[in-house]
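We have chain A already, so just place chain B on it with the hints.
Heads up: the protein sequence lines correspond to chains A and B, in order. Read in order, the letters of the first sequence are residues 1 to 117 in our numbering. Read in order, the letters of the second sequence are residues 1 to 108 in our numbering.
Treat the hints loosely; a few may be bogus.
To be verified - Partial chain B-side listing against chain A, Cβ under 10 Å, derived: (1) F34; (2) P44; (3) S105.
Hints are computed from structural coordinates only; laboratory data are not their basis. Model, not experiment: these values are computed from the prediction. Glycine is no exception: its CB is placed at the ideal position from the N, C-alpha and C atoms.
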Amino acid sequence: NAGVTQTPKFQVLKTGQSMTLQCAQDMNHNSMYWYRQDPGMGLRLIYYSASEGTTDKGEVPNGYNVSRLNKREFSLRLESAAPSQTSVYFCASSEAPSGMSSYNEQFFGPGTRLTVL
Amino acid sequence: QKEVEQNSGPLSVPEGAIASLNCTYSDRGSQSFFWYRQYSGKSPELIMSIYSNGDKEDGRFTAQLNKASQYVSLLIRDSQPSDSATYLCAVLGQNFVFGPGTRLSVLP
Numbered sequence: 001n002a003g004v005t006q007t008p009k010f011q012v013l014k015t016g017q018s019m020t021l022q023c024a025q026d027m028n029h030n031s032m033y034w035y036r037q038d039p040g041m042g043l044r045l046i047y048y049s050a051s052e053g054t055t056d057k058g059e060v061p062n063g064y065n066v067s068r069l070n071k072r073e074f075s076l077r078l079e080s081a082a083p084s085q086t087s088v089y090f091c092a093s094s095e096a097p098s099g100m101s102s103y104n105e106q107f108f109g110p111g112t113r114l115t116v117l
Numbered sequence: 001q002k003e004v005e006q007n008s009g010p011l012s013v014p015e016g017a018i019a020s021l022n023c024t025y026s027d028r029g030s031q032s033f034f035w036y037r038q039y040s041g042k043s044p045e046l047i048m049s050i051y052s053n054g055d056k057e058d059g060r061f062t063a064q065l066n067k068a069s070q071y072v073s074l075l076i077r078d079s080q081p082s083d084s085a086t087y088l089c090a091v092l093g094q095n096f097v098f099g100p101g102t103r104l105s106v107l108p
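Only chain A is shown next, with the shape it has when bound in the complex (with noise of 0.2 Å):
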């Protein structure tokens, strides 16, 4: 088991240009996530899909669009990068979206370092 795969592992765009962050779970895990994470700021959740044709805004969705693929697949896209979205990039997958239990425990892939000059 591979667990939660992104690709690439480091980018550097130009202002403007586009680009897609590819992520796969081979956990057969209903929900997914994106995150971004800034120094001192802490993971900030930019989109979500709880199950498979879901996809539903977080707390920074701006700039970025998302595309849930199948259930093993969610990928990120910047129309067109800007300075402020360099960062950090992890994907996450849960079983579950909610609840009290352990299926909602969520685990990340190892990350996307982006840089936009």
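Leaving out everything else, chain B in the frame of chain A:
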């Protein structure tokens, strides 16, 4: 905006001591609470989850939850230099909210 607060640290403890990490949250409807460990340049790794008031022990780690006080803590007994990392508190209400993390340094 629902908030999760932690002391940023660094918290320094000698090897073999007990490290105590604290977290407070604002959303009274929160149901699930988590502690993640994050080494520099790596992704967060789940170490404990707790759902009911009281203590939950797993090896050298003990999580404590007090919903009335909106407080969750993590104790690390017999701290080792390998425990040096940033510890993130996460709270699940309507959504997951992470605290900014506390940097722990265990000194040999």
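Against the structure, the hints:
no., hint, in the structure
1, F34, "holds, 7 Å"
2, P44, "holds, 5 Å"
3, S105, "violated, 17 Å"
When held up to the earlier numbered hints, the structure conflicts with hint 3 and nothing else.
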